[in-house]
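Enquirer: Below, each chain spelled out in residue letters.
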Amino acid sequence: MKYDLGNQFDVYPMGRPLGAQFREMVLVPMLRQIERSNTTEKLEISFESCRSFGSSFLEEAFGGLVRKGLFSKAFLLDRLNITAVSSSKIFFVKMTLDYIRNSKPERLS
Amino acid sequence: MNIGESFSQEALTPFALGFLSAYVFLKYRAHISERGAQISDHIKDIEKLSVAAVELWASDEDKYQLATEVQLHHTLSVQFFEDIRFACHKRRLEYERLMFDLFRVTASDEFIDQNACISEKKTPNSERVQEIIDVSSSLITLLRKVRADISSLEYLAWDTWRWLSLVGNFIKKDLLNP
Numbered sequence: 060m061k062y063d064l065g066n067q068f069d070v071y072p073m074g075r076p077l078g079a080q081f082r083e084m085v086l087v088p089m090l091r092q093i094e095r096s097n098t099t100e101k102l103e104i105s106f107e108s109c110r111s112f113g114s115s116f117l118e119e120a121f122g123g124l125v126r127k128g129l130f131s132k133a134f135l136l137d138r139l140n141i142t143a144v145s146s147s148k149i150f151f152v153k154m155t156l157d158y159i160r161n162s163k164p165e166r167l168s
Numbered sequence: 140m141n142i143g144e145s146f147s148q149e150a151l152t153p154f155a156l157g158f159l160s161a162y163v164f165l166k167y168r169a170h171i172s173e174r175g176a177q178i179s180d181h182i183k184d185i186e187k188l189s190v191a192a193v194e195l196w197a198s199d200e201d202k203y204q205l206a207t208e209v210q211l212h213h214t215l216s217v218q219f220f221e222d223i224r225f226a227c228h229k230r231r232l233e234y235e236r237l238m239f240d241l242f243r244v245t246a247s248d249e250f251i252d253q254n255a256c257i258s259e260k261k262t263p264n265s266e267r268v269q270e271i272i273d274v275s276s277s278l279i280t281l282l283r284k285v286r287a288d289i290s291s292l293e294y295l296a297w298d299t300w301r302w303l304s305l306v307g308n309f310i311k312k313d314l315l316n317p
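So the sequences go chain by chain: X and B.
When the letters of the first sequence are read in order and numbered with our numbering, they come out as residues 60 to 168.
When the letters of the second sequence are read in order and numbered with our numbering, they come out as residues 140 to 317.
Be aware that a few hints might be false.
For lysine-lysine, the following BS3-like pairs were computed, each having C-alpha atoms within a straight-line distance of at most 25 Å [stated by the list, open to error]:
| no. | chain 1 | residue 1 | chain 2 | residue 2 |
| --- | --- | --- | --- | --- |
| 1 | X | LYS153 | B | LYS229 |
| 2 | X | LYS61 | X | LYS153 |
| 3 | X | LYS153 | B | LYS311 |
| 4 | X | LYS153 | B | LYS187 |
These are computed hints drawn from the structure, not numbers from a lab.
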């Protein structure tokens with residue numbers, strides 16, 4: 060399953076509100092679909108067509124998947140494949156993975 | 140004396156080996172020099188990013204132009220992220236961490252919100268300014284150390300080993316198993 064963030068969502072994804080929107084409208088449904096399927100299919104998100112990123116967008120969209128208790132880190136690191144070709148975009152790919160690895164589920168009040 | 144004998148293989152071999160060694164040495168020196176220049180340019184990009192970010196977060200002026208400058212300098216600073224990361228060798232994880240931190244402190248939270256009023260004035264954030272100074276100074280210091288390290292024998296050995304690995308992988312994947 061493939062998704063091009065720049066062409067299908069926003070070329071300049073920035074800000075927490077947009078990050079939350081992307082998480083709830085795109086990431087969660089697609090990841091749930093993969094979770095329910097009995098295959099080893101992965102969700103591939105391409106960053107290549109985006110022009111720039113906001114730190115808050117990446118943290119809210121991807122780190123939020125763990126922080127909100129929606130998916131486990133292990134599941135995301137196994138089934139979510141974030142791709143880019145150019146060196147500048149690879150920075151954001153690595154940063155996104157860093158957000159996923161370092162996010163902790165929020166405690167329920 | 141036969142001309143052919145004077146230009147025998149025994150006479151040419153040391154000459155050829157010497158020529159080849161000198162060529163390889165000069166090419167490697169040029170490569171190290173180029174890498175040092177790349178690191179120096181990267182340091183300048185980070186300095187410009189830090190100055191723009193401090194100006195953005197320390198002022199109460201119209202933030203749009205300042206924010207776009209920060210965005211520009213950040214985009215420039217990550218153009219060769221993988222190359223610089225590789226050049227950092229043993230310090231690459233620290234470099235990666237500091238680059239992520241720099242991005243977070245210069246361009247997160249209230250940086251640019253698509254719904255925010257562009258000309259909205261804001262209050263200076265001294266804590267953010269201090270974070271920017273701390274992270275950028277650590278990053279620049281690390282890069283200066285890396286720039287000094289790339290001339291060392293240890294770096295030469297590691298770089299050579301890596302090049303041989305790449306050649307080996309190429310031969311194995313592309314030539315033997317096309």
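Enquirer: Of all the hints numbered above, which does this structure not satisfy? Sort the numbers upward.
Expert: Number 3 only.
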